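K.L.:
Residue numbers (this note's numbering), protein chains in the order written: chain A, 1 to 171; chain B, 1 to 78.
Quick caveat, the hints were computed from the structure, so don't treat them as lab data. Treat the hints loosely; a few may be bogus.
Result set (DSSO-like, lysine-lysine): computed pairs, CA atoms no more than 30 Å apart in a straight line [unchecked claim]: (1) A:K110 - B:K9; (2) A:K34 - B:K76; (3) B:K75 - A:K110; (4) B:K75 - A:K132; (5) B:K23 - A:K132; (6) B:K9 - A:K34; (7) B:K32 - A:K110; (8) A:K132 - B:K76; (9) B:K9 - A:K170; (10) A:K42 - B:K76; (11) A:K34 - B:K23; (12) A:K170 - B:K60.
Distance ranges between label pairs, derived from CB positions [claimed, not checked]: (13) B:N4 - A:N64: 37 to 45 Å; (14) B:K23 - A:N97: 40 to 48 Å; (15) B:N70 - A:Y119: 27 to 35 Å; (16) B:S77 - A:N97: 38 to 46 Å; (17) A:E150 - B:K60: 20 to 28 Å; (18) B:S77 - A:Y6: 55 to 63 Å; (19) B:E13 - A:Y119: 41 to 49 Å; (20) B:K23 - A:I152: 53 to 61 Å; (21) A:K132 - B:S55: 24 to 32 Å.
Computed from a predicted model, the values in this text were never measured in an experiment. All residues carry an ideal CB built from backbone N, CA and C; glycine is no exception.
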Amino acid sequence: MDYREYITPQMQQKWFESVNNKFNYYFIIEFEGKQVGLINAKNFSYENGFGEGGIFIWDNDYINSFAAVFSTLCLLNFVFFKVKLCKLSHARILNDNDRAIHYNQLTGYKLVAGQEGIYNQLYELSIEDYIKNGSKLNKAAEQLNNGDGELICTGTISENNLDEINNVLKN
Amino acid sequence: MSINEFIQKLEAEFEDMPQGTLKAETDYRSIKGWSSMHALIIIAFIDINFNITLSGADLKSTQTVQDLYNLVQQKKSA
């Protein structure tokens, strides 16, 4: 997280209005019946895919649980395979955040060329690299959950969703 | 598979982990940048290489790489 200053209610409202549209998606992570965090995919464009993904687990009891990794896989499966919105996803990671760097690299994210000397670095994940790295992770997640690997999507159809997402919610 | 082969293959699963980082006595949760993603990779690694499905509880019962290796041997012979 790059911005760490105090904000006013007005700043929060302004931020909310800037993301409350079809190009930004924020999901509450519910794990073992408890709301433990938030995951987002924001700044979508058809040309560049999702401009930035992010995750925040606010419940300390769940920081080292599977909540983060399961929700990451759900989100990537959603954008790449369920809605088939794009073939690229991006993440911004501070270059001293070893944990986040490793986390994203293990998913298949790669540092974008020219970002080496920058503090808030841009990483990119192609659908090909996600298939390569994510297949085994999805299989392991499926086994841990005794599931069948099916991603079930429910939600309200809205003009604040992309048409592709509304189509998934209709089916 | 010997413990040394096990360690080499496990190291290869983690991006950019220099060879020789893991030892039998290494507490694997202490590796740099450890997260639940690493745990899932270990589960996938053991499934692919040994056809053994570990549960979250199985993983919790281990601490070192040697513990993991012993668990695999135990489940293989069960």
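K.L.:
All the hints need checking, so say for each whether the structure fits it.
P.N.:
Okay, the hints, checked on the actual structure:
no., hint, in the structure
1, A:K110 - B:K9, "holds (22 Å)"
2, A:K34 - B:K76, "violated (36 Å)"
3, B:K75 - A:K110, "violated (36 Å)"
4, B:K75 - A:K132, "holds (28 Å)"
5, B:K23 - A:K132, "holds (27 Å)"
6, B:K9 - A:K34, "violated (36 Å)"
7, B:K32 - A:K110, "holds (18 Å)"
8, A:K132 - B:K76, "holds (27 Å)"
9, B:K9 - A:K170, "violated (45 Å)"
10, A:K42 - B:K76, "violated (45 Å)"
11, A:K34 - B:K23, "violated (37 Å)"
12, A:K170 - B:K60, "violated (40 Å)"
13, B:N4 - A:N64: 37 to 45 Å, "violated (28 Å)"
14, B:K23 - A:N97: 40 to 48 Å, "violated (26 Å)"
15, B:N70 - A:Y119: 27 to 35 Å, "violated (43 Å)"
16, B:S77 - A:N97: 38 to 46 Å, "holds (42 Å)"
17, A:E150 - B:K60: 20 to 28 Å, "holds (27 Å)"
18, B:S77 - A:Y6: 55 to 63 Å, "holds (59 Å)"
19, B:E13 - A:Y119: 41 to 49 Å, "violated (29 Å)"
20, B:K23 - A:I152: 53 to 61 Å, "violated (42 Å)"
21, A:K132 - B:S55: 24 to 32 Å, "holds (26 Å)"
In terms of the numbered hints stated before, the structure departs from hints 2, 3, 6, 9, 10, 11, 12, 13, 14, 15, 19, 20, listed from lowest to highest.
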